[in-house]
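Q: As a plain string of letters, each chain reads:
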Amino acid sequence: MPVTRRELLRAAALIPAAGALAACATPAAQQTPAASAPGAAKSLEVWIFDGGFGHQYATDIHQPLFKSKFPDVQVKHNFTKEITKVLQPRFAGGNPPDVIDNSGANAMDFGALAQDGQLLDLTPLLEMPSWDDQAVKVRDTLDPAVIDIGTYDGKFSVLGYVNYIFGIWYSQKAFTDNGWQVPKTWEEFLQLCETIKKSGKMAPFTYAGKHAQYLYETLLTMAAKIGGNEVLVNIDNLEDGAWKAPAMLESATRWAEVGAKYLMEGTAGLDHVQTQTAQNKYQVAMLPSGSWLENEQKSTTPPDFAYGMFPVPDVTGSDKMPYGTLHTQPGENYIVPAKAANTQGGVEYLRAMLSKKAAGDFSKMVATVSVVKGAGEGLDLSPGVKSASAAFAAAGTNTVYYRWQSWYLQLKDEAVAATGQLMSGGITPEKYLERIQAKADELKKDSAIKKFRRT
Amino acid sequence: MRRRLFIFSFLVTPVTLYLVYVIAPYAQAFYISMTNWRGVSANPQFIGLENFRRLLDDTVFWKAALHNGLLLLLLPLITIAIALVFAFLLNVGGKAGVGGVWGSKVYRVLFFFPQVLAVTIVAVLFAQVFRPDAGGMINGPLMELGLRPVGFLSNPSIALWSVLGVLIWQAVGFYVVLFSAGLASVPRELFEAAQIDGAGRVALFFRITLPLLRDTVQVAWVYLGILALDAFAIVWVMTDQHGGPDFSTTVMAAEIYRNAFQYFRFGYASALGVVMFFFVLGFAVLSLRLSRRERIEF
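Protein chains in written order, with the working numbering: chain A, 1 to 455; chain B, 456 to 753.
Think of the hints as simulated: they come from the structure by calculation, not from any bench.
Warning: the hint list may mix true and false statements.
[Said to hold, decoys possible] Listed below are several chain A residues computed to face chain B (Cβ distance under 7 Å; list not exhaustive):
| no. | residue |
| --- | --- |
| 1 | GLN74 |
| 2 | THR84 |
| 3 | LEU113 |
| 4 | THR123 |
| 5 | LEU126 |
| 6 | GLY266 |
| 7 | ALA268 |
| 8 | GLY420 |
| 9 | ALA448 |
| 10 | PHE452 |
Small disclaimer: the values here were computed from a predicted structure and weren't measured.
Ideal Cβ placement from N, Cα and C applies to all residues, glycine included.
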């Protein structure tokens with residue numbers, strides 16, 4: 001049968017269709033990275049999360065510094081608020097960029113990335129000489145918690161750049177004007193709440209009701225203070241009954257009482273911006289947050305507001321950890337994908353970021369504390385950052401952290417939901433812990449979810 | 456043969472587009488649902504029906520399915536009821552019996568407004584309307600009156616009703632227009648004849664309007680059913696914790712999104728998607744079967 005013109009056209013029309021069918025959502029087969037000619041000028045693709053700190057610090061501080069040592073490398077700067085949406089397909093396609101600031105609400109799941117071997121082992125970076133001083137290793141310029149927290153599967157692969165310091169935040173002006181004292185014990189804290197409530201000037205306490213992780217942060221830190229660091233280690237390691245530890249019950253019971261008596265009206269339905277703005281308007285005295293708060297609120301804070309932060313108070317009188325115990329956690333997480341085209345350039349970029357100059361200028365530009373030791377020295381700090389830094393210095397080695405919420409996102413969602421219920425009186429402290437424990441047990445049994453451990 | 460080829464040549468492009476952008480993704484979702492793909496790997500493992508077995512114990516997903524079921528029951532019923540009454544009043548409910556009530560021209564435009572707004576805007580607006588403090592559009596006046604604010608979105612036993620309310624608010628306008636168009640095609644004489652026979656507004660509505668709009672109502676029912684099975688945008692944007700508090704407003708689509716783009720369990724999320732696909736298919740078949748009936752000709 002001779003091929004007619006139409007049949008030919010029909011066949012021609014179907015060929016691209018077949019091609020298009022092959023190139024859809026399913027992952028592409030492994031691509032071998034193209035080997036580049038030695039000595040050739042490479043490019044470096046950088047993606048910055050455009051969140052509270054913006055992305056200008058990268059183009060103004062980090063990239064010029066990097067270029068000063070590697071003038072031949074062409075830096076391709078990119079930024080987005082939607083890290084996952086933009087970059088997840090790149091990973092699935094086997095051609096991820098070279099440096100990623102994987103942060104924000106739409107960050108990619110580190111557990112999933114680690115599980116699939118997508119993160120470059122950054123241990124060699126730690127052993128490299130630091131940018132400023134050949135005699136000092138990068139490892140020695142960093143807060144040790146960074147290495148601890150950035151370690152997945154025994155490999156240091158996530159570099160937290162900012163040191164977040166958590167506590168209960170208040171206005172130093174409001175406290176001075178009304179003669180209120182920073183509470184050192186739980187009794188004093190409750191008395192203060194009572195005094196503030198009776199004064200009728202403002203509500204005593206609030207938290208971001210829509211994002212209850214702000215509250216369980218304080219609850220967990222207080223539990224660690226009562227029962228020691230192992231309370232949090234056990235929770236992270238999904239140990240049996242870790243959530244139902246006596247210290248957890250003690251802490252949950254106390255916060256449930258605050259929830260029942262001293263919360264600002266409507267707290268459960270407000271988010272962090274709304275509650276923080278209410279504090280700026282002197283409608284509420286205290287709320288739990290971290291050291292980014294001052295920068296986040298700078299447009300609504302009255303000039304004489306003077307942010308201050310205090311650590312969780314002494315609870316039982318026989319707490320395992322002393323007064324001043326703090327929750328600190330590196331954040332703003334940088335990674336170099338293992339399958340990036342220019343991993344070496346990516347590592348060098350991080351090394352430049354960790355120089356004293358880069359970190360110091362960064363701290364000044366975005367008003368926060370970086371993880372590079374001594375980078376903030378001699379800088380003119382704002383009251384909130386000063387207060388947080390002082391608390392951090394006073395805490396010394398008494399700092400705690402937890403990682404379950406980034407390891408097991410399902411557990412985080414359950415804990416957020418349950419904490420909201422605890423604070424609004426929907427469930428008892430016992431039920432609250434049982435509920436989260438049940439979720440933790442379920443995850444522990446689930447073979448599809450990668451487990452992590454820490455010490 | 457030539458005729459067939461002629462038709463075929465016109466269909467090649469749309470059918471190809473349909474295959475590539477509709478059928479192929481469905482087929483791929485079925486495949487992905489049987490892997491443990493976490494979205495970043497280039498070679499996911501095939502794990503058979505494991506995801507579907509796991510799904511049976513997923514309390515949150517079944518909660519979401521229940522919410523969809525509840526919406527499926529209530530959303531079409533309430534929306535159609537309100538839209539019918541409005542359409543009736545706007546078109547034939549006036550005193551003369553053949554025109555709308557006083558001011559119906561203004562209302563006709565007003566009712567359609569919500570339809571013009573993008574769903575996301577509606578969701579963001581209502582998140583503000585429902586604010587639990589003095590800044591809320593409903594709670595502000597309530598608190599002025601000395602009443603306690605209502606946690607429209609923060610109280611787990613109220614939140615789903617708030618979602619339903621917003622869905623209805625947004626949908627009604629469109630169906631008023633749809634039913635108005637349906638009424639316009641009904642001959643005026645029927646209404647006039649009924650009035651001469653002494654039918655009041657209520658009788659007119661139940662004896663004439665409703666039976667003659669049967670076909671249109673059926674279409675509305677299917678559309679609204681599909682809306683109820685989705686409801687993703689409003690839930691995701693408006694509610695606390697995307698389907699909260701405490702998963703009290705979550706829907707199937709939200710759980711699919713959560714599992715895929717937050718937990719990075721693309722395989723499992725695809726399995727949820729496959730289940731939802733069958734729910735929707737089931738609904739479509741069922742509603743077509745149940746609504747088969749003879750048409751009224753006029």
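Q: Indicate, hint by hint, whether the structure satisfies it.
A: Okay, the hints, checked on the actual structure:
1. Interface hint status for GLN74(A): violated, as the beta-carbon distance to the closest one in chain B is roughly 26 Å, over 7 Å.
2. A least Cβ separation of about 6 Å between THR84(A) and chain B falls short of the 7 Å threshold, and the interface hint therefore holds.
3. Taken as an interface hint, LEU113(A) checks out: its beta carbon lies about 6 Å from the nearest beta carbon of chain B, inside 7 Å.
4. Using the Cβ-Cβ criterion of 7 Å, the hint placing THR123(A) at the interface with chain B is not satisfied: the shortest such distance is roughly 21 Å.
5. About 25 Å separates the beta-carbon of LEU126(A) from the nearest beta-carbon of chain B, more than 7 Å, and the hint is not met.
6. Hint on GLY266(A) holds. Least Cβ distance to chain B is approximately 4 Å, under the 7 Å limit.
7. The criterion of a C-beta within 7 Å of any C-beta in chain B is met by ALA268(A), whose closest approach is roughly 4 Å, and the hint holds.
8. The restraint placing GLY420(A) at the interface with chain B holds, with a minimum CB-CB distance near 5 Å, inside the 7 Å limit.
9. Look at ALA448(A): its Cβ gets to within about 6 Å of chain B, closer than 7 Å, so that hint holds up.
10. Look at PHE452(A): its Cβ only gets to about 15 Å from chain B, farther than 7 Å, so that hint breaks.
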